Every structure is written in structure tokens, then in C-alpha cells.
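Protein chains: 2
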Amino acid sequence: MSGRLFVIGTGPGNPEQMTPEALAAVDAATDFFGYGPYLDRLQLRHDQLRHASDNREELDRAGAALAMAADGAKVCVVSGGDPGIFAMAAAVCEAIENGPAAWRAVDLTILPGITAMLAVAARAGAPLGHDFCAISLSDNLKPWNIIETRLVLAAKAGFVIALYNPISRARPWQLGEAFKLLRDHLPAATPVIFGRAAGRPDERIAVQQLSQADASIADMATCIIIGSAETRIVSRPGRLDLVYTPRFMAGGNR
Amino acid sequence: MSGRLFVIGTGPGNPEQMTPEALAAVDAATDFFGYGPYLDRLQLRHDQLRHASDNREELDRAGAALAMAADGAKVCVVSGGDPGIFAMAAAVCEAIENGPAAWRAVDLTILPGITAMLAVAARAGAPLGHDFCAISLSDNLKPWNIIETRLVLAAKAGFVIALYNPISRARPWQLGEAFKLLRDHLPAATPVIFGRAAGRPDERIAVQQLSQADASIADMATCIIIGSAETRIVSRPGRLDLVYTPRFMAGGNR
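Protein chains in written order, with full-length UniProt numbering: chain A, 1 to 254; chain B, 1 to 254.
Just chain A, with the same shape it has in the complex (with noise of 0.2 Å):
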């Protein structure tokens, strides 16, 4: 017997940015595996079951939740966000790549969701125009110098940098070290908008310029985008700055 397993995102914590089809699979579903406050964003009925575990025992909890699947049951496993993007479906891939082979079995069906940077993106104006990467700052799972080396040639090719990551009580530096590695690439006035929790009550985005940017602004739930040397400030009065990314650079076509 073979179950269900749904990968889910939440997106980034506003009830109104979670799609239609992700909240369905949170109603089909009996038991749900996630990092404690991903799971506190879903309204889950008396019948419905977490089972929430620390942010960083992804690969387990993907496990858990795959054996339930392989058992019979309707499993959810909830990530913030996009499920795809530094989350959970990647952990479930790796998980079944190397689990028993009733996992390969399970009915498996990823949802996409909003994702920080689209959101914090959209609070900005559309820093995220043009071409662009996303990058995440965590040294537990890839050397730093790989990091670093991602960083410079990001920069050399022009995309507008997303930071996912960007600094915890574990990982204080990285964030302000990748900022001094980036002034040496980047015009000192390039943006640097700090997003943290988009769309929700406690909403915070700032903007600063490279060359000041303050690393200690950043938490564990702010991501960072950082301008290309294309990127541009509107101002208007009364309003916050528009950030943005023109979609057109000179030499183009038309």
C-alpha cells in the first residue's frame, strides 16, 4: 500500500500569499512534517497531526515523512516559502535517492510557492528585473570559499544577487564578509535591500547603499538582494524609494 506525500510551501507567512492548490493538500493531508513555525502558519484541524522538528534535521524529517507515505497515509511536508528553493523537496529527492525502494512508490506531488525573494521584491519595486541569482549563505552546507568564489563571479556577470540564509547565531560573519567581497566588484551606491518578513504584520525592508550596508540588520528570516550596477533608485516624495532593475540594457535589439 502506497500512499501520498505532498511538498508544500507556505510561502513567506501572509495566509493571503499560500496558493489555492497548496492549501487543498493541506486539507487532504492527516499528518504534516515541518519546522515547528512553518507548521504554526497552517490552520489544521483536530484530526490533523504535527510532527515538527528542529530547522535543521531536514534529511531526517524527509525520511519520517516518506515512511508514513510508504505505510498508507496522506503526508505533507511543509516548508516556508518554496518548497524547491533552499527547502524541503530537495531534501525529499536526496531522501528517496538513498532510502528503501518503497519510497521511489510514494505518490509524490510538489507545490510551488512565493518564495522571499519575490516577495521581498515586490515590496522593493523589481530589483529582480533583469537577470539575476540566488545564493545561499550558509556555510554548514557547502565550503565558504565556494561561497566566495559564487559571490565575485555573480558580480563579474552582472546579476542582481538574492541572499537566502544570510546570517544566524551559528554564522554571525558571512553576511558581512560577503558584502566586503562585493564592494571590490561593485559601484559603492549599488542597492542593498534587507527584506524581512515580507508581507506579514512585523514587515521590515530597508535600503541601504554598499558601501554601508549593516550586516547586523540581517536575521535569520530577512533576505538580502543586492543591485547590479544597473539596478536604480526612484524616489517619491511621501512614498518609499522604488528599486529596480531596468529589463533593457543598452546594445539590445530594439
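The set of hints was computed from the structure by calculation and includes no laboratory data.
Bear in mind that the values here come from a model prediction, so they are computed numbers and not experimental data.
Possibly wrong hints are sitting among the right ones.
You can't tell identical chains apart in this list, so a pair holds if it fits in one copy or across any two.
[Said to hold, decoys possible] With a straight-line Cα cutoff of 25 Å, these simulated SDA-like cross-link-like pairs (lysine to any residue) come out: (1) Lys156 to His185; (2) Lys74 to Val234; (3) Lys156 to Pro143; (4) Lys180 to Asp60; (5) Lys74 to Arg236; (6) Lys74 to Ser235; (7) Lys156 to Gln174; (8) Lys74 to Asp202; (9) Lys180 to Gly238; (10) Lys74 to Arg239; (11) Lys156 to Gly72; (12) Lys74 to Ala24; (13) Lys156 to Gln48; (14) Lys156 to Asp139; (15) Lys74 to Arg171; (16) Lys74 to Leu240; (17) Lys74 to Thr109; (18) Lys156 to Ala28; (19) Lys156 to Ala221; (20) Lys156 to Ile233; (21) Lys156 to Asp71; (22) Lys74 to Ala64; (23) Lys180 to Glu16; (24) Lys156 to Asp202; (25) Lys74 to Pro237; (26) Lys180 to Ile205; (27) Lys180 to Pro37; (28) Lys74 to His185; (29) Lys180 to Glu230.
Knowing the structure of chain A, use the given hints to seat chain B on it.
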């Protein structure tokens, strides 16, 4: 008098992937600007007006929407996917920067949506589970040599690469050239995902190896995801292969 301007995304076209806040904006607005096929995704009332335009007239469309909002109307600019990713939000910001002062006073709300690469990734597994970039392959908007440079730097950086606007009748050769170029920098077996109309009834997801990737199966509505050297394929008897990029790289702190 100043009205209101919403800039929304419909997601890739499955109505179940459109957020409640975007639907609420549609409900609140009276006038809708966008490319016709995107406007067709909305269920409008008889008192709501469509202003459809061709998909290459973004800046004129943004200006027309801003002018109407500045006159007091409740206006909605509609993109497919997410309005901030190679779509209308940047065109609206650009029009504000270069337009009359009254446009800066317009109450502007940009709402995020599910962008194509997230929907395609979810159908394929978790190819965007590690660092990645998104590049528009349109050389209408930037010179082709910039696109080539970015592709090579992205491959060198180890980014998974999502390609938007891969091909059109007026741009038939760019995707094939991109594959050719990337073959010099990535393993022959690198998975290439062609995702068309993800989540819609006419969805087509195909996975090929980079060495044999066939640009002619893509069209305007296709989003391409090219793996990194780390991207893996998990076969599942009787089910589609899963394509995923592991969260972890050898050398991380755990």
C-alpha cells in the same frame, strides 16, 4: 486625485496557483492592462474593462496604466508568472522614473506570483534546490555577447541556470547557441528540463541530457532549467524521473 495601481502575476496559468491577494486585487480593480493571453486567465465582471496589448509593448502599457491610475481609477497591470521576474513590475518602475511627477504619487502595490521556474522545478523534482540563476535569453533587451558571458560565468560558478524567453519566431537560434556554449563548460550528462505550461492541462515536461538537448522542442511558453554538475536524476519505476540538486556540497561544516 490619485487612484490605485496593482501590479499582479497570475502564476503560470493554473488558477489554483494564483494567490488570494492577487485575486483580491483583481476584484478591487476596474481596468486591466496586459498581454491578451494573460488577461484571458482572469474571470472579469461585466463592469471591469480589458485593455489588452501586444507582449512587446510593456513600457507604453505601463504608462497608460499609470496615467489612468493618476486620474483616479483602480487599475491592475497583469503579468503571467511573477510580475517582478522579466515582467511588468520593472516596466512600471521605469515608466514612473521617466514619467510626469503625478505618477510618483500613485498608490502602487506590487504583488508576487508563482514564477515559471518554480512551477517547472516543482514538476521535475527540486532542480533549484541549490544556488541558481535566472537569465532571459532575449537579445531584444540586451546584447547577445552579454548573454554568452553570463552563461559561461554561471556555469563556472556552479549555478543551476533557469532560462526565460528561450525562443520565439524572431529569435530562433539563441537557445541552440546557448546549449552549444554550455557543452564546453558542463558535463555531457547534465540534465536539461524543458517545462512548458507547468500546472496547466497542456503541460509538457521533458528531461534531456545537455549533450543531446534539442532546442526545437522549446517554444515561447517554455522555461528551461539546466542543471549544474551536482544535479542528479533519480529514476522511479512507473513514475517520472526526479531531477534534483542536493542542498549539500562536500566540504560544508557538517
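How the hints compare with the structure:
no. : hint             : verdict
1   : Lys156 to His185 : both (7 Å within a copy, 17 Å between copies)
2   : Lys74 to Val234  : between (49 Å within a copy, 22 Å between copies)
3   : Lys156 to Pro143 : both (21 Å within a copy, 16 Å between copies)
4   : Lys180 to Asp60  : neither (36 Å within a copy, 40 Å between copies)
5   : Lys74 to Arg236  : between (50 Å within a copy, 19 Å between copies)
6   : Lys74 to Ser235  : between (50 Å within a copy, 22 Å between copies)
7   : Lys156 to Gln174 : both (20 Å within a copy, 22 Å between copies)
8   : Lys74 to Asp202  : neither (33 Å within a copy, 27 Å between copies)
9   : Lys180 to Gly238 : neither (32 Å within a copy, 50 Å between copies)
10  : Lys74 to Arg239  : between (47 Å within a copy, 18 Å between copies)
11  : Lys156 to Gly72  : neither (50 Å within a copy, 44 Å between copies)
12  : Lys74 to Ala24   : within (12 Å within a copy, 31 Å between copies)
13  : Lys156 to Gln48  : neither (49 Å within a copy, 46 Å between copies)
14  : Lys156 to Asp139 : both (22 Å within a copy, 19 Å between copies)
15  : Lys74 to Arg171  : neither (36 Å within a copy, 46 Å between copies)
16  : Lys74 to Leu240  : between (45 Å within a copy, 20 Å between copies)
17  : Lys74 to Thr109  : within (11 Å within a copy, 38 Å between copies)
18  : Lys156 to Ala28  : neither (47 Å within a copy, 43 Å between copies)
19  : Lys156 to Ala221 : neither (27 Å within a copy, 29 Å between copies)
20  : Lys156 to Ile233 : within (21 Å within a copy, 31 Å between copies)
21  : Lys156 to Asp71  : neither (50 Å within a copy, 43 Å between copies)
22  : Lys74 to Ala64   : within (13 Å within a copy, 49 Å between copies)
23  : Lys180 to Glu16  : neither (37 Å within a copy, 43 Å between copies)
24  : Lys156 to Asp202 : neither (35 Å within a copy, 39 Å between copies)
25  : Lys74 to Pro237  : between (52 Å within a copy, 21 Å between copies)
26  : Lys180 to Ile205 : within (21 Å within a copy, 41 Å between copies)
27  : Lys180 to Pro37  : neither (32 Å within a copy, 45 Å between copies)
28  : Lys74 to His185  : neither (49 Å within a copy, 42 Å between copies)
29  : Lys180 to Glu230 : within (20 Å within a copy, 28 Å between copies)
Checked against the numbered hints given earlier, this structure breaks hints 4, 8, 9, 11, 13, 15, 18, 19, 21, 23, 24, 27, 28; the rest are met.
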